[in-house]
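Build the complex from these two chains, which are given one at a time in their own frames, with help from the hints.
So the chains spell out like this:
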Amino acid sequence: MKAHALVIGLLLSWLVSPESLAGFGRGVGVSGMMILVPLAAAMVLAVLCTVLIHNPGPGEPKTEFAVLSTSYGRTIAAAMALTGRIPVFLLASTAMLVSAGFAFNEIFVHWFPNFLFASLLLLMICGLHLFQEKAALWGQVVFVGIAVLGLFILMAMGLDGSGEAGAKTAPPPSLSYSLFGMIFLLFLGFDFYRPGKQKMTVLYLVPGLAFVLLAGWALLAVEHVPLVRLAESSLPHMLIARAVGGDTGGYIMGAVVISGALSGVNGFLLALRKTLEDLAENRFFPEIAGKGRPGAIVSFALIETMMMTGVAGDERIDTMVRASLLLWMMYVGFRSFAAGFQGQSVNPYGKLYAGAVAGMVFFLAGSLIMADSRTGYILWFQSCIILGFLAFSFAWAKACERFTNKHINREE
Amino acid sequence: MMKKLSVFLIFVVLTLSGVVFSDEVKLIDKDELKAMLGNPDLVILDVRAGKDWSSSEFKIKDAVRMTDENMEAVMQKFSKDKTLVFYCA
Numbered sequence: 001m002k003a004h005a006l007v008i009g010l011l012l013s014w015l016v017s018p019e020s021l022a023g024f025g026r027g028v029g030v031s032g033m034m035i036l037v038p039l040a041a042a043m044v045l046a047v048l049c050t051v052l053i054h055n056p057g058p059g060e061p062k063t064e065f066a067v068l069s070t071s072y073g074r075t076i077a078a079a080m081a082l083t084g085r086i087p088v089f090l091l092a093s094t095a096m097l098v099s100a101g102f103a104f105n106e107i108f109v110h111w112f113p114n115f116l117f118a119s120l121l122l123l124m125i126c127g128l129h130l131f132q133e134k135a136a137l138w139g140q141v142v143f144v145g146i147a148v149l150g151l152f153i154l155m156a157m158g159l160d161g162s163g164e165a166g167a168k169t170a171p172p173p174s175l176s177y178s179l180f181g182m183i184f185l186l187f188l189g190f191d192f193y194r195p196g197k198q199k200m201t202v203l204y205l206v207p208g209l210a211f212v213l214l215a216g217w218a219l220l221a222v223e224h225v226p227l228v229r230l231a232e233s234s235l236p237h238m239l240i241a242r243a244v245g246g247d248t249g250g251y252i253m254g255a256v257v258i259s260g261a262l263s264g265v266n267g268f269l270l271a272l273r274k275t276l277e278d279l280a281e282n283r284f285f286p287e288i289a290g291k292g293r294p295g296a297i298v299s300f301a302l303i304e305t306m307m308m309t310g311v312a313g314d315e316r317i318d319t320m321v322r323a324s325l326l327l328w329m330m331y332v333g334f335r336s337f338a339a340g341f342q343g344q345s346v347n348p349y350g351k352l353y354a355g356a357v358a359g360m361v362f363f364l365a366g367s368l369i370m371a372d373s374r375t376g377y378i379l380w381f382q383s384c385i386i387l388g389f390l391a392f393s394f395a396w397a398k399a400c401e402r403f404t405n406k407h408i409n410r411e412e
Numbered sequence: 413m414m415k416k417l418s419v420f421l422i423f424v425v426l427t428l429s430g431v432v433f434s435d436e437v438k439l440i441d442k443d444e445l446k447a448m449l450g451n452p453d454l455v456i457l458d459v460r461a462g463k464d465w466s467s468s469e470f471k472i473k474d475a476v477r478m479t480d481e482n483m484e485a486v487m488q489k490f491s492k493d494k495t496l497v498f499y500c501a
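Taken in sequence, the protein lines are chains G and D. Under this note's numbering, the residue at position 165 of the first sequence is numbered 165, and the numbers go up by one with no gaps. Each number in this note's numbering comes from the position in the second sequence (counting from 1) with 412 added on.
Note that these hints are calculated values from the structure, not bench results. Just so it is clear, the structure is predicted and the values come from calculations on it, not from any experiment. Where a beta carbon is used, it is the ideal one built from N, C-alpha and C, also for glycine.
Below, in silico cross-link-like pairs of lysine to any residue (SDA-like), each with a Cα-Cα straight-line distance of 20 angstroms or less: (1) D/K471 <-> G/G250; (2) D/K471 <-> G/R229; (3) D/K471 <-> G/F108; (4) D/K473 <-> G/S233; (5) D/K471 <-> D/Y499; (6) D/K473 <-> G/G246; (7) D/K471 <-> G/G246; (8) D/K471 <-> G/S233; (9) D/K471 <-> G/W111; (10) D/K471 <-> G/E232; (11) D/K471 <-> G/P226; (12) D/K471 <-> G/V109; (13) D/K471 <-> G/R242; (14) D/K473 <-> G/A231; (15) D/K471 <-> G/D314; (16) D/K473 <-> G/I107; (17) D/K471 <-> G/I107; (18) D/K492 <-> D/I456; (19) D/K471 <-> G/P113; (20) D/K446 <-> D/K494; (21) D/K473 <-> G/E232; (22) D/K473 <-> G/S234; (23) D/K442 <-> G/H110; (24) D/K442 <-> G/F112; (25) D/K473 <-> G/P226; (26) D/K442 <-> G/P113; (27) D/K492 <-> D/D474; (28) D/K471 <-> G/S234; (29) D/K442 <-> G/E106; (30) D/K471 <-> G/F115; (31) D/K471 <-> G/H110.
If you want the ones that stay clear, here's a sample from chain D, every Cβ over 12 angstroms from chain G, calculated: (32) D441; (33) D443; (34) A447; (35) P452; (36) A485; (37) K492; (38) F498.
This is chain D alone, in the form it adopts within the complex (with noise of 0.2 angstroms):
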């Protein structure tokens, strides 16, 4: 029972973390990117995967491609100061 009850608060934690920690990220629109593109502290990371990134024509410019295999890399290549802007569909 006491096992049950555990795994059953771990759920409930992560869940209620994951939707405070979602609540920093902020969701902008394309005219709002658009605004701030030239911006030298932007960095815009597309991080679209597999064939949602192969078939599309949509390609911002500059943008840097995020794949699992480069992940690290490209976290290390840019500092948090900048502002980082998440390209995922």
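Chain G with its partners taken away, still in its complex shape (with noise of 0.2 angstroms):
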């Protein structure tokens, strides 16, 4: 039981968080309850890609570099694993943390410097990291219990069929394959590592999981804010707290935001503690890069100087999240299939299952980012961390080829 609560804890990392609640929120003012489509095909695209991810074929489980190394090589396979975590966990956790901030300013204690108490919040998860990995580990189930909790009791509060507001008011539901992707974005965090020796089952369970809650939250938003506001609010998500429960809902959605916002930032550093350990077990890196304390103490400091110089504050701190979220997404394209690729021996179809699948997220990606009013900027954005990993790691490969003596190429 306690296996099970640590992996589904770490795979919800990012769905509750405030940025996850807001992104849904906007999408169910689109489209209404039609949002159950995508929703449900979603789901599936997530369980598809968990079956390949986790299942890489006959023999001792591979890790996350090896996988990608078999398939891409080394140095490539390195500046795939550093841009599809490092990024989205610095920008997402910049703005996770200020969301976090304001929700607590502006619900709870108005006096209280907005980014005082996300610095604070951040460095709360850098010594759970500094303490030990099953400090971080625990931190996370509760993070996200306390998030799924709120969001389960404003259901309960709301779900009364009192609220007719989206009905009324409902537009003609739209749907396109940018909403499914952005839905598919929602999801992510299924490529998490297994913190324990838990059943498959439990991995397949969690994208179910996280389309019960997400279903029951349309419903809710669908009853009780008229679709127009949601699709146009920042913060979509507070305004239906407030619609079902005043006050008070609004103090909910204030632990939930908070909760959510040290879920993903927690859940993101988990993740990138385990791939900078699997590169430094790959000797790809140094041991001491593969060290969840020092690594802890530089996230910190780099979370902390974003906020500190206004990256958060920069108009443009969204479209950058979004263009770091789908560096993810490729990076969770490029792993499936490689991963069902080596796995084609167990399986005749794996060669076509793991092309269909992998090639299903890259459209989705392809479909968010033409769907985007900046997509120049998240292509430019995105060349410059893909061009920046891709130099970085092969400089890196060469200067220990030739200080060390060692082809970090080859396997040792």
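Here you go:
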């Protein structure tokens, strides 16, 4: 049971974050209850990816980097892993912490500076990681637990048939590939590691749990808030909570936002920590890169610097977060393809299956990029990140080869 | 030497002129703004950007959001005779 709680906590870490709730709320505003269609489709795709990523062929279970390097080579695999993990961790974490800071300042204690609160949350996560990984994992269970509990309390308060706002003011629902892609983005996290030896069935259950949670939330939203307001709001989840429970609803949502931000940041840091550990174990990086404590301190310093220098106040922050989320999504596509491709010996449809799933993930990422109002900026930003990490990985491999006389591109 | 001195002088002039200009912009608190609400000559421009705007529940009714992208259009829409209140934090 404990092991199941750990994996559920980790895999749902991004889904309960304030950024996910905001994106989902706007999605409901655009499509009304029709959102159940992309929600179900995204759940199925998430399960298909989970099958591939957590079942990479016969024999000993392979790590993330081992699977990637078998298909793409060690240097490119390292660049992929860094591109998929680091930008989203830094940018989305900054955004989530700032959201939590505002929630605390505007809902709970007006005199308390929002950026100071955001820094305290970051310090708390850093403290958990400095203590030990297990503390961070259990912290994750608590953060996700509080967020999910808060959402269920709001649902219990509001799903009594008393609301009628959405139904009366509903515009014609609209569905698009980009909406499907946006919903699939919320399910990401299924690619994180298993913190124990949980059965695969638990991993398949997580997208199902996410579906139930989001479907209930969509029903609540449609019952209580006009869809137009949801679609146009930057904080649709707050609108829903206040419509359901007034000030009490606001307090509950405030707790959900703060706990969801902690969950998102901690989940990203745990995943990044595992990726770096994997790279160090496979001798791409020195041993110290795989140690959690120095990583936690560097992460704290980087995110704190980003908050202090006003990155969150930049008009492009939401676009940068979207761009980095899409890099993560593409990374999941590459991982699914590599894992499925290598698993072909146990599954005669391995290649076809892996190609179809990865192709769908790339298609959704592409449709999200093309549907964005800042397509050019997203492409430019992603190109810079990809080229930067590729250049870094190649330079690092060359430097190791030169100064240590070891060929980093060869298995030792 | 002359080049360095010129750069220094430009820096000093710009800094001082900034102070002079900023002196003309009055700061008001929320009670003063509350008293002004309803005035047809009042235009509230919400110039918060990024998360400062999107994460905040505090949005003044009828305020016009001004961003880098629509700044020109907003500045042309409202004449200088209006009372412009900038909400930045």
